[in-house]
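S.K.: Got chain A; can you put chain B on it based on the hints?
There are 2 protein chains.
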Amino acid sequence: MSKSAISPIRAENYPEWYQAVIKAADMAELSGVRGCMVIKPWGYAIWERVQNVLDGMIKATGHDNCYFPLFIPLSYFQKEATHVEGFAKEMAIVTHHRLINKNGELVPDPDSKLDEPLIVRPTSETIIGEAMARAVQSYRDLPLLWNQWANVVRWEMRTRMFLRTAEFLWQEGHTAHADEADARAETERMLEVYRALIEDYIAMPAIQGSKPESEKFAGAEDTLTLEVMMQDGRALQSCTSHYLGQNFAQAANIQFQGKSGSLELCHTTSWGLSTRVIGGLIMTHADDDGLVLPPKLAPQQVVIVPILRDETAREAVLNYCDKLATDIAAQTYAGEAVRVKVDKRDEESATKRWNWIKKGVPVILEVGPKDIEKDGVAVTRRDDVAGKKTFPARAEFIAGLPALLDEMQRGIYARALEMQKSRTRTDIKTWAEFETYFGKDTDGKFDEAPGFVRAPWSGDEAATEAKIKPLGVTIRCLPFDTNVPDHAAVPSGNCIITGGAAKYEAIFARAY
Amino acid sequence: MSKSAISPIRAENYPEWYQAVIKAADMAELSGVRGCMVIKPWGYAIWERVQNVLDGMIKATGHDNCYFPLFIPLSYFQKEATHVEGFAKEMAIVTHHRLINKNGELVPDPDSKLDEPLIVRPTSETIIGEAMARAVQSYRDLPLLWNQWANVVRWEMRTRMFLRTAEFLWQEGHTAHADEADARAETERMLEVYRALIEDYIAMPAIQGSKPESEKFAGAEDTLTLEVMMQDGRALQSCTSHYLGQNFAQAANIQFQGKSGSLELCHTTSWGLSTRVIGGLIMTHADDDGLVLPPKLAPQQVVIVPILRDETAREAVLNYCDKLATDIAAQTYAGEAVRVKVDKRDEESATKRWNWIKKGVPVILEVGPKDIEKDGVAVTRRDDVAGKKTFPARAEFIAGLPALLDEMQRGIYARALEMQKSRTRTDIKTWAEFETYFGKDTDGKFDEAPGFVRAPWSGDEAATEAKIKPLGVTIRCLPFDTNVPDHAAVPSGNCIITGGAAKYEAIFARAY
Numbered sequence: 000m001s002k003s004a005i006s007p008i009r010a011e012n013y014p015e016w017y018q019a020v021i022k023a024a025d026m027a028e029l030s031g032v033r034g035c036m037v038i039k040p041w042g043y044a045i046w047e048r049v050q051n052v053l054d055g056m057i058k059a060t061g062h063d064n065c066y067f068p069l070f071i072p073l074s075y076f077q078k079e080a081t082h083v084e085g086f087a088k089e090m091a092i093v094t095h096h097r098l099i100n101k102n103g104e105l106v107p108d109p110d111s112k113l114d115e116p117l118i119v120r121p122t123s124e125t126i127i128g129e130a131m132a133r134a135v136q137s138y139r140d141l142p143l144l145w146n147q148w149a150n151v152v153r154w155e156m157r158t159r160m161f162l163r164t165a166e167f168l169w170q171e172g173h174t175a176h177a178d179e180a181d182a183r184a185e186t187e188r189m190l191e192v193y194r195a196l197i198e199d200y201i202a203m204p205a206i207q208g209s210k211p212e213s214e215k216f217a218g219a220e221d222t223l224t225l226e227v228m229m230q231d232g233r234a235l236q237s238c239t240s241h242y243l244g245q246n247f248a249q250a251a252n253i254q255f256q257g258k259s260g261s262l263e264l265c266h267t268t269s270w271g272l273s274t275r276v277i278g279g280l281i282m283t284h285a286d287d288d289g290l291v292l293p294p295k296l297a298p299q300q301v302v303i304v305p306i307l308r309d310e311t312a313r314e315a316v317l318n319y320c321d322k323l324a325t326d327i328a329a330q331t332y333a334g335e336a337v338r339v340k341v342d343k344r345d346e347e348s349a350t351k352r353w354n355w356i357k358k359g360v361p362v363i364l365e366v367g368p369k370d371i372e373k374d375g376v377a378v379t380r381r382d383d384v385a386g387k388k389t390f391p392a393r394a395e396f397i398a399g400l401p402a403l404l405d406e407m408q409r410g411i412y413a414r415a416l417e418m419q420k421s422r423t424r425t426d427i428k429t430w431a432e433f434e435t436y437f438g439k440d441t442d443g444k445f446d447e448a449p450g451f452v453r454a455p456w457s458g459d460e461a462a463t464e465a466k467i468k469p470l471g472v473t474i475r476c477l478p479f480d481t482n483v484p485d486h487a488a489v490p491s492g493n494c495i496i497t498g499g500a501a502k503y504e505a506i507f508a509r510a511y
Numbered sequence: 000m001s002k003s004a005i006s007p008i009r010a011e012n013y014p015e016w017y018q019a020v021i022k023a024a025d026m027a028e029l030s031g032v033r034g035c036m037v038i039k040p041w042g043y044a045i046w047e048r049v050q051n052v053l054d055g056m057i058k059a060t061g062h063d064n065c066y067f068p069l070f071i072p073l074s075y076f077q078k079e080a081t082h083v084e085g086f087a088k089e090m091a092i093v094t095h096h097r098l099i100n101k102n103g104e105l106v107p108d109p110d111s112k113l114d115e116p117l118i119v120r121p122t123s124e125t126i127i128g129e130a131m132a133r134a135v136q137s138y139r140d141l142p143l144l145w146n147q148w149a150n151v152v153r154w155e156m157r158t159r160m161f162l163r164t165a166e167f168l169w170q171e172g173h174t175a176h177a178d179e180a181d182a183r184a185e186t187e188r189m190l191e192v193y194r195a196l197i198e199d200y201i202a203m204p205a206i207q208g209s210k211p212e213s214e215k216f217a218g219a220e221d222t223l224t225l226e227v228m229m230q231d232g233r234a235l236q237s238c239t240s241h242y243l244g245q246n247f248a249q250a251a252n253i254q255f256q257g258k259s260g261s262l263e264l265c266h267t268t269s270w271g272l273s274t275r276v277i278g279g280l281i282m283t284h285a286d287d288d289g290l291v292l293p294p295k296l297a298p299q300q301v302v303i304v305p306i307l308r309d310e311t312a313r314e315a316v317l318n319y320c321d322k323l324a325t326d327i328a329a330q331t332y333a334g335e336a337v338r339v340k341v342d343k344r345d346e347e348s349a350t351k352r353w354n355w356i357k358k359g360v361p362v363i364l365e366v367g368p369k370d371i372e373k374d375g376v377a378v379t380r381r382d383d384v385a386g387k388k389t390f391p392a393r394a395e396f397i398a399g400l401p402a403l404l405d406e407m408q409r410g411i412y413a414r415a416l417e418m419q420k421s422r423t424r425t426d427i428k429t430w431a432e433f434e435t436y437f438g439k440d441t442d443g444k445f446d447e448a449p450g451f452v453r454a455p456w457s458g459d460e461a462a463t464e465a466k467i468k469p470l471g472v473t474i475r476c477l478p479f480d481t482n483v484p485d486h487a488a489v490p491s492g493n494c495i496i497t498g499g500a501a502k503y504e505a506i507f508a509r510a511y
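From first to last, the protein sequence lines stand for chains A and B.
Residue numbering for the first sequence follows numbering that gives the first Met the number 0, beginning at 0 and increasing consecutively.
Residue numbering for the second sequence follows numbering that gives the first Met the number 0, beginning at 0 and increasing consecutively.
These aren't lab readings, by the way, just hints derived from the structure by calculation.
Fair warning: this is a prediction, and the values are worked out from it, not measured in the lab.
Since no wrong hints were added, every one of them can be taken at face value.
In this list, chains with the same sequence are indistinguishable; a pair is considered to hold if it fits within one copy or across any two.
Pairs of lysine-lysine residues, derived as DSS-like cross-links and limited to a Cα-Cα distance of at most 30 Å, are as follows:
1) LYS258 x LYS343
2) LYS420 x LYS502
3) LYS112 x LYS101
4) LYS466 x LYS428
5) LYS88 x LYS112
6) LYS112 x LYS78
7) LYS322 x LYS58
8) LYS2 x LYS387
9) LYS78 x LYS22
10) LYS78 x LYS101
11) LYS58 x LYS343
12) LYS88 x LYS215
13) LYS388 x LYS340
14) LYS22 x LYS258
15) LYS215 x LYS101
16) LYS58 x LYS22
17) LYS22 x LYS388
18) LYS466 x LYS420
19) LYS258 x LYS340
Chain A on its own, in the form it takes in the complex (with noise of 0.2 Å):
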């Protein structure tokens, strides 16, 4: 076995090397808080990188960022029925405002009891309602178009840093728009958004689909989602963008006067994405020595090692450093001057060098009085840790640069893209090779996964389910490849599930 600074490596235990990763990259930590994490610097830089590129691309679309309330009255989640059903399970819920100091013991005041308890937020679109419901008089002020960035908090049992919190940050968009049309338009729209998000900067390869109605987000009409492939074959659902119809208009009486001036319901949508993006990215591209950032993505696409050990030359190699990162950031790429950093903590060198190749920076430089005499850098990628360092010149390099940092970023992707294809099935045909492929689940935590099944399907949802849910398989989409328009490019054969006449193309995985 090579050596490697990650262990468990993926090969012995995949959800510890997971942990194990996101401790060496200093990311995030569990808290003392049930379900609740600590996102600790490199962590939430990673999630600032998000949010600074996807707030672009939201406001670029035409949005604006609002703020809601935090609480939602505990009637409102009564007003959309199936909302209610959906999510009216594991919230946190608040009925007290005040403590009192009881024989030297905190306690929630008796008399401070709420009238109605209050719902920390899980998700605003019944919040958003009621702003929505005031906003909107006329067909003038359509569509409107909001976000905010937020923190939400679902009380989830079974807790995973980055993919599974308790409370988890992300932006929810919430938009109002006169007619199926427009509003359907606005989700495609939003999540071509995510995609660009997702492939362009982060390098995920996804696949573009819909919902089966079982997957569907409480109270939607339609759900649109980019799955993604996890190295342990498992899915993961970056993101969704919902098609609500007038269910929360409704609810929530968001209507307008048209130009005819009769009185109509909105029809609107949202979408979100959240720092479950993290897990994602982490489980794509990291490996056995720890993560890998897409430079596009990356806090830092360079840092600058400098090696100190002749004292006489500190303040030579110190200067060289310093004006060789002034140098890279001048250079651009992907629209942006290039993020360098020196650092200059009191370490050995060697330390330094892994702890950024653990954290994932795409490229490290090492310098050393040698590399001076020879107006070089000693340059690591991360992309290829197992290879050897070269040594090129500094201005070539630095030349260079945006090129490799772009080669990297499509190998990157090519690399999870080719991991994606080659663990897709389609040539499986029946319901026995489908059981065999997924296997019998022996412990019940289907940690296993081989990968995804692309198969006709039947659209019977009760049938399915009675069959692959014992096998911890779920439907992740109908893609959008075969699907849209109309069906059109499914490919013939029955279903895969039932035998009986398939009507949709499927894609059939276990699912983070």
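M.R.: Then chain B, alone, in the frame of chain A:
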């Protein structure tokens, strides 16, 4: 009475004028949730400017952003006794984690009662302290410089949009240091960062000082503040920066191994600035026509209103406006590209002009066919709406724009400083004069406030509170200019409250 866009005007009813300005600028509105507001696009865009500027300064001074849990276990509050005393009052308390359907009504499931209630963070010293204790091992880990942007909740009984709401948005910095000197230097460094934001961007003249004992943050050894005078003569505490001594380090066990090998407790600080500052901005600069934004903070510095009455000239006017916007955006002011927008909404141009006046945009341009003929623009300066419009040539206007914005920025600050100076009395020498100045309050609301009194003070907190509290007056701060170092520049004279020997100079005022 001259016509004005806001009713009532300041002189008629200041508190109602404040609400009317917020409404006219469409910055925020009350929500259906007690004490919580909805921050609408224009209000949120102003907050994003505050975030953007302040976040840059926080990072430039070496701090990292992180994120900590929304919920704090009740027991954490019991660890720091003074903190409990100050905060353990009005807080949102989560007691259950599941709803059930009971006879068609959603209610908290009694079986989901939490073993330990969770408090929605009113501030995060206690929970961040726990994380610091994990992160700090040796002196090499210090200083630890963390910041988070977050929402917090304090169950306020009387709320006022931006100034005091149950939920509000803020940043809270939390740092740990090896010794007192380093920690105290941090609190001063961050006060200076806040001063730069508040004076240089928000154009609010601030009085720097420290809080007397009775006004300090719960658990702090020292609380620094920037006090700003509002147009009604009341003070607004715009931010605070606390030296927490070893109190929180003791409670959470934040300790480090020093160079000599011994275990020592850290000295910690915290500092925060919230959406409250937007309330201060309104109350400092807005006038009877609505909001007035200092150019450096304004989300849009220039708005162009095309005059489209003449349909045949429509395309020419829009083209001229777009070209004008491009040329303006190519200008730089205060290190940033000038923020400009063409308002193409389907409304009367006069309506649009007033819309932007009420929103406080510094420069509003109107462009119609006649302006194009003369290759000119019609300019309204927001800091002089009553004045005549000017009609400069286009090229001349564009070239002079950075200077114009700078003149407005300075002018708005100078006007506020002039108000602060003219309404700060330093000539009040006796308690009788003091009492007359602040007046007897007739309705218990203390709505009116003449201004600030700067006077010698004994430091006797109990005797002072007994006399000034009935007047609705508090000590806002002991200003640095006379009290630092060592109260050397405190003017001679007896304590204005007790008549005894004075050690300090204090600022007395009614406050928000």
